[in-house]
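With chain A's structure known, arrange chain B on it following the hints.
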Amino acid sequence: MKRKIVNIIIGIVMILVAIAFTLVYVNTNKGKILKSTGTWYYTDNYSIENGELNVSKTNAIIDLPGEGICKMSVKWDNITMPGALPLMTITKENGDVVAWISGDSVNSELEFKVDEAANYIVESNYYISGDEFKEAIEIIDKESASKIIIEEDGSFDGFTDFGKEGEWTTQYEVDVNFSAAGGNFKRAGAIIGFFIGLGIAVIILAITKNKGEYKEKYDERQTLVRGKAFKYAFAVAIVYFSMLGIFAEADLLQKFSISGLIISGIIISICVYASYAIWNDGYFSLSTNKRGLLISFGFIEIANIVLMIISFVSGMIIENGKFSFFLCNIVSSVVFLVLFIIILVKSIIDRRED
Amino acid sequence: MKNLKLKSARAALDLSQQDLADKVGVSRQTINAIEKGDYNPTINLCRDICKVLGKTLDELFWEEEI
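From first to last, the protein sequence lines are chains A and B. Position in the first sequence (first residue = 1) + 1 = the working numbering. Position in the second sequence (first residue = 1) + 244 = the working numbering.
The following block holds chain A by itself, in its conformation from the complex (with noise of 0.2 Å):
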């Protein structure tokens, strides 16, 4: 009774400890802006003169911290009307390009997918002509550069002083706000919900055994198959991590979550010694419930197999263009459906030896 008692507690005590983490994670994390970015002011000066362009700009960098979300909003204010129209560009420092604007209306606003911390140009480039204005943006963004309808007179949406001579002056007020990815909140309501699970098990156990089924008696031959078990099961552990070491070194396993490989394993290697158990009679002990096993196995494998599905419908099975750590509920999943099916299997054999 002492002993149940004590079990119910660590179980409760483990759910309320998950708890008190979520409220403490979420209530710093929500809605957090982990850097508060401001606004820059902008003046860019430019003149065309015999067809040709030139221009003295001025370009910003912006250092956003980490994956999250970057929204901008560009005011253009022009002192004169100009005789080019601007294209913003969002660029990380190697070149590629994460966003663009175009200088066509007044007040523009952006949202963009930050998924590394960097730092960020920001920057305008002009153009004389409705077709370069065009081609530019096809080299950024094929997609919307094909909806943008050039007018025979080589106006654009109404803009049609492209070339125009004279000097111009283009003032811009750049705001940026950015706000830290939720992809820590599914990592975080992982461990949480683990642990949760854990402290349920915990205290359904405890209410569920009965006095005398806490100390699990093995007869010899079963303790020898048990043995067994362990060893191969080790053995399967054994190689299964030298050659996650090996390849991980040789940078094979770029589209992998390491930590999903490695709990991988674990579940791999629980699934060998409990597979060998089960089928040579030595993984359930003289007192244990086997229908109550099996109906717990189908619960868990349910869950799995529910979480496998929620994984995969919310893309959360992968992130940033590899496998998550959610890869485990697959891994999970197949090893409860064999660890199932052996059960099964074997409880057919066991009657029919009967």
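Just so you know, the hints here were simulated from the structure itself, not pulled from any lab data. Honestly, I wouldn't trust all of these hints.
Stated by the list, open to error - Pairs of lysine-lysine, PhoX-like flavour, derived with a Cα cap of 25 Å:
1) A:Lys3 - A:Lys72
2) A:Lys229 - B:Lys246
3) B:Lys295 - A:Lys347
4) A:Lys291 - B:Lys267
5) B:Lys246 - A:Lys58
6) B:Lys295 - A:Lys291
7) A:Lys93 - A:Lys323
8) B:Lys280 - A:Lys58
9) A:Lys143 - A:Lys114
10) B:Lys295 - A:Lys218
11) B:Lys246 - A:Lys93
Chain B in isolation, oriented as in the chain A frame:
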């Protein structure tokens, strides 16, 4: 090698494998493995089985010389 002596001694007392296993304190599959010859029990288990079936070690576990 199959242990037919054990099987017949068990049948003589009208005991199923499960019944014998419960009385001896092992799993049914262990009794099955011993009868099939898939497992060699320790001396302690042999003694426990003999006690339950009322036989001697020689009667149940000694191999007949051909």
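Subject >> Structure versus earlier hints - violations, ascending order >> reply: Numbers 1, 3, 5, 6, 8 and 11 - these are the hints that the structure violates, sorted from lowest upward.
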